[in-house]
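Chemist: Sequence:
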Amino acid sequence: MQKSRKGLVFVLIVICILMAFIPLFALKDAEFGGSDDGGSQIVEQIHKGYEPWASPILERILGGELPGEVESMLFCVQTGIGVGVIAFILGRFVQRKKDEEELKKYKEE
3 MQKSRKGLVF
13 VLIVICILMA
23 FIPLFALKDA
33 EFGGSDDGGS
43 QIVEQIHKGY
53 EPWASPILER
63 ILGGELPGEV
73 ESMLFCVQTG
83 IGVGVIAFIL
93 GRFVQRKKDE
103 EELKKYKEE
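Numbering (this note's numbering), first residue to last: 3 to 111.
Take the hints with a grain of salt, since some may be wrong.
[To be verified] Just the calculated beta-carbon pair ranges, DEER-fashion:
hint, residue 1, residue 2, range
1, Glu33, Pro58, 20 to 26 Å
2, Ser6, Thr81, 35 to 41 Å
3, Leu60, Met21, 34 to 40 Å
4, Glu103, Gln47, 55 to 61 Å
5, Glu33, Lys107, 56 to 62 Å
6, Leu68, Gly93, 32 to 38 Å
7, Gly66, Glu103, 53 to 59 Å
8, Ser6, Val96, 28 to 34 Å
9, Arg62, Ile15, 45 to 51 Å
10, Ala22, Cys78, 17 to 23 Å
11, Leu68, Leu26, 25 to 31 Å
12, Lys30, Gly66, 31 to 37 Å
13, Lys106, Leu64, 55 to 61 Å
Since the hints were made in silico from the structure, they are not lab data. Backbone N, C-alpha and C define an ideal beta-carbon position, used for all residues, glycine too.
Sequences are here, hints too, so could you generate the full structure?
Modeler: Have a look at this one:
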(Lines of atoms letter the chains of each structure in order from A and count residues from 1; the text may use other names and numbers.)
(Lines give C-alpha, C1' and ligand atoms only; values in the text may rest on other atoms or scores of the structure.)
Protein backbone atom coordinates (compact mmCIF):
# COMPACT_ATOMS: atom_id res chain seq x y z
CA MET A 1 0.00 0.00 0.00
CA GLN A 2 2.77 2.45 0.89
CA LYS A 3 4.68 1.72 -2.29
CA SER A 4 1.69 2.55 -4.49
CA ARG A 5 1.12 5.79 -2.60
CA LYS A 6 4.71 6.86 -3.10
CA GLY A 7 4.36 6.11 -6.80
CA LEU A 8 1.15 8.12 -7.00
CA VAL A 9 2.74 11.07 -5.20
CA PHE A 10 5.74 10.91 -7.55
CA VAL A 11 3.50 10.85 -10.63
CA LEU A 12 1.46 13.80 -9.34
CA ILE A 13 4.61 15.82 -8.63
CA VAL A 14 5.90 15.12 -12.15
CA ILE A 15 2.54 16.19 -13.62
CA CYS A 16 2.64 19.44 -11.62
CA ILE A 17 6.17 20.20 -12.79
CA LEU A 18 5.22 19.51 -16.40
CA MET A 19 2.14 21.75 -16.09
CA ALA A 20 4.36 24.56 -14.85
CA PHE A 21 7.15 24.28 -17.43
CA ILE A 22 5.50 23.13 -20.68
CA PRO A 23 3.76 26.50 -21.28
CA LEU A 24 7.11 28.29 -20.92
CA PHE A 25 8.48 26.44 -23.93
CA ALA A 26 5.27 25.97 -25.93
CA LEU A 27 4.22 29.64 -25.74
CA LYS A 28 7.53 31.41 -26.35
CA ASP A 29 6.21 34.34 -28.40
CA ALA A 30 2.83 34.66 -26.68
CA GLU A 31 1.76 37.99 -25.26
CA PHE A 32 0.08 37.93 -21.89
CA GLY A 33 -2.05 40.82 -20.70
CA GLY A 34 -4.40 41.43 -17.86
CA SER A 35 -8.15 41.64 -18.12
CA ASP A 36 -7.97 45.38 -17.46
CA ASP A 37 -5.89 45.89 -20.59
CA GLY A 38 -8.16 43.69 -22.69
CA GLY A 39 -11.30 45.45 -21.49
CA SER A 40 -9.95 48.92 -22.12
CA GLN A 41 -8.84 47.92 -25.64
CA ILE A 42 -12.30 46.57 -26.48
CA VAL A 43 -13.99 49.71 -25.15
CA GLU A 44 -11.59 51.85 -27.20
CA GLN A 45 -12.47 49.86 -30.35
CA ILE A 46 -16.21 50.23 -29.76
CA HIS A 47 -16.22 53.90 -28.67
CA LYS A 48 -13.52 55.90 -30.40
CA GLY A 49 -12.15 58.69 -28.20
CA TYR A 50 -13.60 57.25 -24.99
CA GLU A 51 -12.33 58.96 -21.86
CA PRO A 52 -12.70 57.17 -18.51
CA TRP A 53 -14.97 58.99 -16.08
CA ALA A 54 -13.24 57.60 -12.97
CA SER A 55 -9.64 57.20 -11.88
CA PRO A 56 -7.99 55.27 -9.05
CA ILE A 57 -8.25 57.06 -5.70
CA LEU A 58 -4.55 56.76 -4.82
CA GLU A 59 -3.56 58.20 -8.19
CA ARG A 60 -5.73 61.24 -7.51
CA ILE A 61 -4.31 61.66 -4.01
CA LEU A 62 -0.67 61.24 -5.04
CA GLY A 63 -1.05 63.17 -8.28
CA GLY A 64 0.32 60.49 -10.59
CA GLU A 65 0.39 56.86 -11.51
CA LEU A 66 1.61 54.39 -8.90
CA PRO A 67 4.78 52.46 -9.68
CA GLY A 68 4.22 48.83 -10.68
CA GLU A 69 5.94 47.56 -7.53
CA VAL A 70 3.55 49.49 -5.30
CA GLU A 71 0.54 48.21 -7.22
CA SER A 72 1.84 44.65 -6.88
CA MET A 73 2.45 45.13 -3.16
CA LEU A 74 -1.06 46.50 -2.61
CA PHE A 75 -2.52 43.61 -4.58
CA CYS A 76 -0.56 41.14 -2.43
CA VAL A 77 -1.74 42.84 0.77
CA GLN A 78 -5.33 42.67 -0.48
CA THR A 79 -4.87 38.99 -1.32
CA GLY A 80 -3.37 38.27 2.10
CA ILE A 81 -6.27 39.94 3.86
CA GLY A 82 -8.77 37.96 1.78
CA VAL A 83 -6.99 34.67 2.45
CA GLY A 84 -6.87 35.51 6.16
CA VAL A 85 -10.61 36.14 6.27
CA ILE A 86 -11.39 32.92 4.39
CA ALA A 87 -9.01 30.89 6.59
CA PHE A 88 -10.59 32.38 9.72
CA ILE A 89 -14.10 31.47 8.55
CA LEU A 90 -13.07 27.94 7.59
CA GLY A 91 -11.28 27.55 10.93
CA ARG A 92 -14.45 28.59 12.72
CA PHE A 93 -16.42 25.93 10.83
CA VAL A 94 -13.88 23.25 11.74
CA GLN A 95 -13.87 24.32 15.39
CA ARG A 96 -17.67 24.39 15.47
CA LYS A 97 -17.79 20.82 14.16
CA LYS A 98 -15.25 19.70 16.79
CA ASP A 99 -17.23 21.45 19.53
CA GLU A 100 -20.47 19.81 18.38
CA GLU A 101 -18.83 16.36 18.38
CA GLU A 102 -17.39 16.97 21.85
CA LEU A 103 -20.78 18.14 23.15
CA LYS A 104 -22.42 15.08 21.61
CA LYS A 105 -19.92 12.78 23.39
CA TYR A 106 -20.45 14.66 26.65
CA LYS A 107 -24.25 14.28 26.42
CA GLU A 108 -23.90 10.53 25.74
CA GLU A 109 -21.95 10.01 28.99
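Chemist: For every hint, state whether the structure bears it out.
Modeler: Now for the hints, and whether the structure bears them out:
1. Under the hint 20 to 26 Å, the C-beta atoms of glutamate 33 and proline 58, about 24 Å apart, fit the expected range.
2. Remark: the range hint 35 to 41 Å for serine 6 to threonine 81 is upheld by a beta-carbon distance near 37 Å.
3. About 36 Å separates the C-beta atoms of leucine 60 and methionine 21, a value consistent with the hinted range of 34 to 40 Å.
4. Evaluation of the 55 to 61 Å hint for glutamate 103 and glutamine 47 yields a pass: the beta carbon distance comes to about 58 Å.
5. A beta carbon spacing of about 59 Å between glutamate 33 and lysine 107 agrees with the range 56 to 62 Å that was offered as a hint.
6. Between leucine 68 and glycine 93 the beta carbons are some 34 Å apart, a value that agrees with the proposed interval 32 to 38 Å.
7. In this structure the supplied range 53 to 59 Å holds for glycine 66 paired with glutamate 103, their Cβ-Cβ distance being about 56 Å.
8. Roughly 30 Å separates the CB atoms of serine 6 and valine 96, a value that falls within the hinted 28 to 34 Å.
9. Evaluation of the 45 to 51 Å hint for arginine 62 and isoleucine 15 yields a pass: the beta carbon distance comes to about 48 Å.
10. Checked against the given bound of 17 to 23 Å, the beta carbons of alanine 22 and cysteine 78, roughly 20 Å apart, stay inside it.
11. Between leucine 68 and leucine 26 the CB atoms are about 29 Å apart, so this pair conforms to the stated range of 25 to 31 Å.
12. Evaluation of the 31 to 37 Å hint for lysine 30 and glycine 66 yields a pass: the beta carbon distance comes to about 35 Å.
13. Separated by about 56 Å at the C-beta atoms, lysine 106 and leucine 64 satisfy the suggested range of 55 to 61 Å.
Violated hints are absent here; each numbered hint is respected by the structure.
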